[in-house]
Amino acid sequence: MKVQFKIWRGDAKTGVFRDYATECTEGMVVLDAVHQIQATQACDLACRWNCKAGKCGSCSAEVNGMPKLMCMTRLSELPLEKPVTIEPIKAFPLIKDLVTDVSWNFEVKKKIKPFKPRQPDAPDGTWRMQQEDIDRVQEFRKCIECFLCQDVCHVLRDHQMHDKFIGPRFLIHVAALEMHPLDTQDRIEELRNTQGIGYCNITKCCTKVCPESIEITDNGIIPLKERVVDKFYDPLGWFWRSLKRKSDSETVNRES
Amino acid sequence: MPQYETFEYDVLVIGAGGAGLRAAIEASAAGVRVGLVCKSLLGKAHTVMAEGGIAAALANVDERDNWMVHFADTMRGGQYVNQWRMAELHAKEAPDRVRELEAWGAVFDRTKDGRILQRHFGGHKYPRLAHVGDRTGLEMIRTLQDHGVHQGIDVYMEHTILSLLKDGDRVVGAFGYERERGRFKVFRAKAVVLATGGIGRAYKITSNSWEYTGDGHTLAYEAGAELIDMEFIQFHPTGMVWPPSVMGILVTEGVRGEGGILTNADGKRFMFEAIPENYRHQTADNEEEGWRYCQGHKDSRRPPELLTRDHVSRCIVREIKEGRGSPHGGVFLDISWIKQKIPNAAEHIKRKLPSMYHQFKQLADIDITEQPMEVGPTTHYIMGGVRVDPDTQMSRLPGLFAAGECAAGINGANRLGGNSLSDLLVFGKRAGEFAAKFARENQLGGIDIGKIDTVAREALAPFERSGDENPYTIQKDLQETMQDLVGIVRTETEMREALEKIGNLKTRAGKTGITGNREYNPAWHTSLDLKNLLLVSEAITRAALERKESRGGQFREDYPNKEERFSKVNTIASRAADGLMQIRLEPLPEMPDYLKQVVEENR
Numbered sequence: 001m002k003v004q005f006k007i008w009r010g011d012a013k014t015g016v017f018r019d020y021a022t023e024c025t026e027g028m029v030v031l032d033a034v035h036q037i038q039a040t041q042a043c044d045l046a047c048r049w050n051c052k053a054g055k056c057g058s059c060s061a062e063v064n065g066m067p068k069l070m071c072m073t074r075l076s077e078l079p080l081e082k083p084v085t086i087e088p089i090k091a092f093p094l095i096k097d098l099v100t101d102v103s104w105n106f107e108v109k110k111k112i113k114p115f116k117p118r119q120p121d122a123p124d125g126t127w128r129m130q131q132e133d134i135d136r137v138q139e140f141r142k143c144i145e146c147f148l149c150q151d152v153c154h155v156l157r158d159h160q161m162h163d164k165f166i167g168p169r170f171l172i173h174v175a176a177l178e179m180h181p182l183d184t185q186d187r188i189e190e191l192r193n194t195q196g197i198g199y200c201n202i203t204k205c206c207t208k209v210c211p212e213s214i215e216i217t218d219n220g221i222i223p224l225k226e227r228v229v230d231k232f233y234d235p236l237g238w239f240w241r242s243l244k245r246k247s248d249s250e251t252v253n254r255e256s
Numbered sequence: 001m002p003q004y005e006t007f008e009y010d011v012l013v014i015g016a017g018g019a020g021l022r023a024a025i026e027a028s029a030a031g032v033r034v035g036l037v038c039k040s041l042l043g044k045a046h047t048v049m050a051e052g053g054i055a056a057a058l059a060n061v062d063e064r065d066n067w068m069v070h071f072a073d074t075m076r077g078g079q080y081v082n083q084w085r086m087a088e089l090h091a092k093e094a095p096d097r098v099r100e101l102e103a104w105g106a107v108f109d110r111t112k113d114g115r116i117l118q119r120h121f122g123g124h125k126y127p128r129l130a131h132v133g134d135r136t137g138l139e140m141i142r143t144l145q146d147h148g149v150h151q152g153i154d155v156y157m158e159h160t161i162l163s164l165l166k167d168g169d170r171v172v173g174a175f176g177y178e179r180e181r182g183r184f185k186v187f188r189a190k191a192v193v194l195a196t197g198g199i200g201r202a203y204k205i206t207s208n209s210w211e212y213t214g215d216g217h218t219l220a221y222e223a224g225a226e227l228i229d230m231e232f233i234q235f236h237p238t239g240m241v242w243p244p245s246v247m248g249i250l251v252t253e254g255v256r257g258e259g260g261i262l263t264n265a266d267g268k269r270f271m272f273e274a275i276p277e278n279y280r281h282q283t284a285d286n287e288e289e290g291w292r293y294c295q296g297h298k299d300s301r302r303p304p305e306l307l308t309r310d311h312v313s314r315c316i317v318r319e320i321k322e323g324r325g326s327p328h329g330g331v332f333l334d335i336s337w338i339k340q341k342i343p344n345a346a347e348h349i350k351r352k353l354p355s356m357y358h359q360f361k362q363l364a365d366i367d368i369t370e371q372p373m374e375v376g377p378t379t380h381y382i383m384g385g386v387r388v389d390p391d392t393q394m395s396r397l398p399g400l401f402a403a404g405e406c407a408a409g410i411n412g413a414n415r416l417g418g419n420s421l422s423d424l425l426v427f428g429k430r431a432g433e434f435a436a437k438f439a440r441e442n443q444l445g446g447i448d449i450g451k452i453d454t455v456a457r458e459a460l461a462p463f464e465r466s467g468d469e470n471p472y473t474i475q476k477d478l479q480e481t482m483q484d485l486v487g488i489v490r491t492e493t494e495m496r497e498a499l500e501k502i503g504n505l506k507t508r509a510g511k512t513g514i515t516g517n518r519e520y521n522p523a524w525h526t527s528l529d530l531k532n533l534l535l536v537s538e539a540i541t542r543a544a545l546e547r548k549e550s551r552g553g554q555f556r557e558d559y560p561n562k563e564e565r566f567s568k569v570n571t572i573a574s575r576a577a578d579g580l581m582q583i584r585l586e587p588l589p590e591m592p593d594y595l596k597q598v599v600e601e602n603r
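Chains as they are written, first to last, in the numbering used here: chain A, 1 to 256; chain B, 1 to 603.
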């Protein structure tokens, strides 16, 4: 059947929805339709894609207003009696058509303290980890960096607080590092101070759109928030640590 | 004369999949300045699609495994036309490369005693693949990416290289453009590493994305390097066949590693027929033994579904051709049957093969815990590529290195599943190490601005001429030609016809016309990539014509057997003085006695 599409065409300065119609067959996904339109009617229509199987996170867009991977959105799931709208994600500046400038995400990651393992402690010079101790970290590491969670996060999308808040993708990245059984870094202070975890008010929009079904809010962000609270807002903990710091420094003094 | 933005590096790496990232990390660790150029965003290269695992003889699950068994398996799988030294280095170094990933933060699935878990895969005698469910490639690329971004490497995302720069014989940099604005850039470098992956887009049914257009193969060939073994293409036995829009998408061999079976329309497990002689004593002769093997019983032999990919693909084609295929022209791959054997089978399948479960559920309305999948062969990998020194990965051009899929040698006529990810790590590291060494021993070379201008002019020609050829249509026509005429089953007549068609397509590719401007214009990019696709298609076809026998990834209907006279030679493609492609046969280096003994002991 012929299906009607409205696809955003334009650049950073200006743009419009253009109408296209293309023949759609059984099993087609939105990305197939975009490719068909590109090959026959709009040769310079810009979109990103790679794996076409929901594994690389390149083809993020808003389909009928919903943030989706185009390669995993079947046309049969959409109401086809009216045109299907396809537009770029909104939390980042537009380059052209369906392609946005997501470079900010790559800069953010660079600023997060990298993985730093403890000394290997197994006889063979490596480590031992139990499967149940890494299940949670593996859940977070399923992330394909499609940035759909960043797209729907109101702190980024509506308030444009990219300089104060790293967004759900990178909170999950920090969570994966913090909960890694071998890691020895402490990232709690910057979570509060520069990465802005406090701006997240757990509306769970990110979790809803995650194509990998990662429980971003419940399993990642909330436990991180608890760690921040424990470190900065728990008076007993604060008192205990100040004592400990004192006795630690006394120990050092005695040794020196 | 136009001015080009120019960058200078000690080592320039082209491609940011597993091999490119590993090379960049190694070069950077050696203290030289590294630039990394990639066609997509960082972390999206095809490595991310790898599912099953990384082959390395860690011996965590079966203590009988060691590098010698892995070496012998790799050579047998490659039908003994592999570069023995690469296969040796690969088998010896892969375990360290995997442990290194763990030290950089990778989180592999675990054994009961907390070590890296390993799974069965085709052609590997023991469970050997370190893995994370069925998303091992994602784990690997993300680990390398996250480690790499803290190493001071300059990354140029969404850039394409058009040509290598030369000073005499030496490669001294690269010239390309960025997609966003379409601006040209010059990268001067003391050493260049190619890590551009494969050629899968030359075929209609493929597991490869738009990026895999044989760029590194073409860049190297045009600069004067040699391509070897181009006839050997791996058609992965299990790609999706239905619905049509997902045809070719990969279904991991891990499904069979976990006990999945292949059946035909009559419900018969056809893989038990025609087990190759050199694998017979290693292969189960009844279904019960095959299942016991997948369950980790050390006294049992592998089920025939886990024979090498070339063989399994041919058996599937045979079933389909003889009318015993599935409704949509494939065969059945069934993992749901294991519910007869284990409790909670559905949960087990979802845990072991989560992305397969997701992929079939979402794209084909199939619940793999309940129903069989329909699968058929899909173009997956090229064993052939740039000829390199096995230790240093340098091509015959000083300063030009290659690693990963775009380099050749380790896999011979057929690659074992899992050996690609380990190849990327082992030889990515070596390429980075020796490129850095070369860079320290050499100065920047001179560059020829006149030549760069010519490349730039040619690249812009599609905008200026009033050509009416659509680049997407030419690409589609080429894909159909290669699929139909130089596919899994080949004959001289059909390949001659393919060569003629490739010639016509070359003429048409010179007449593409592009509308729009240079900013993120995929029609322009497709048009520029065509040249590379056409060149590798020609090399594949010419090499396949020259090898008048069937071996591994090459099956010739007109020469259906292995031939002694081709058992110890490589095909080599290079550009002759007249500019035409020349194919010659060259003897393989002789394997030393200690390795012959390893092969013999592991027969």
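Simulated from the structure, these hints should not be mistaken for lab results. Worth double-checking, as some hints may not be accurate.
[Said to hold, decoys possible] Here's a subset of chain B near chain A, in silico, CB distances under 7 Å, partners left out:
#, residue
1, V107
2, R110
3, G182
4, S245
5, I249
6, N344
7, A346
8, Q362
9, I366
10, T369
11, D389
12, P390
Cβ coordinates follow ideal geometry from the N, Cα and C atoms, glycine included.
Consistency of the hints with the structure:
1. At about 5 Å, the closest approach between the beta carbon of V107/B and any beta carbon in chain A falls short of 7 Å, and the interface hint on this residue holds.
2. Annotation: R110/B was flagged as interfacial toward chain A, and the flag holds, the nearest CB pair being 4 Å apart, inside 7 Å.
3. The interface hint given for G182/B is broken, as the beta carbon of that residue sits about 11 Å from the closest beta carbon of chain A, more than 7 Å.
4. Taken as an interface hint, S245/B checks out: its beta carbon lies about 4 Å from the nearest beta carbon of chain A, inside 7 Å.
5. Below 7 Å, beta-carbon pairs count as interface contacts, and I249/B has one with chain A at about 5 Å; its hint therefore holds.
6. Nearest Cβ of chain A to the Cβ of N344/B: about 16 Å, over the 7 Å cut. The hint is violated.
7. Annotation: interface hint on A346/B violated; nearest CB of chain A at approximately 17 Å, more than 7 Å.
8. A cut of 7 Å between beta carbons decides the hint on Q362/B: the least distance to chain A is about 6 Å, and the hint holds.
9. At about 11 Å, the closest approach between the beta carbon of I366/B and any beta carbon in chain A exceeds 7 Å, and the interface hint on this residue is violated.
10. Look at T369/B: its Cβ only gets to about 17 Å from chain A, farther than 7 Å, so that hint breaks.
11. Given the 7 Å rule on beta carbons, the hint for D389/B is violated: about 31 Å separates it from the nearest Cβ of chain A.
12. With a cut of 7 Å, the hint placing P390/B at the interface with chain A is violated, because the nearest CB-to-CB distance is about 28 Å.
Hint compliance for this structure: hints 3, 6, 7, 9, 10, 11 and 12 are not met, and every other hint is.
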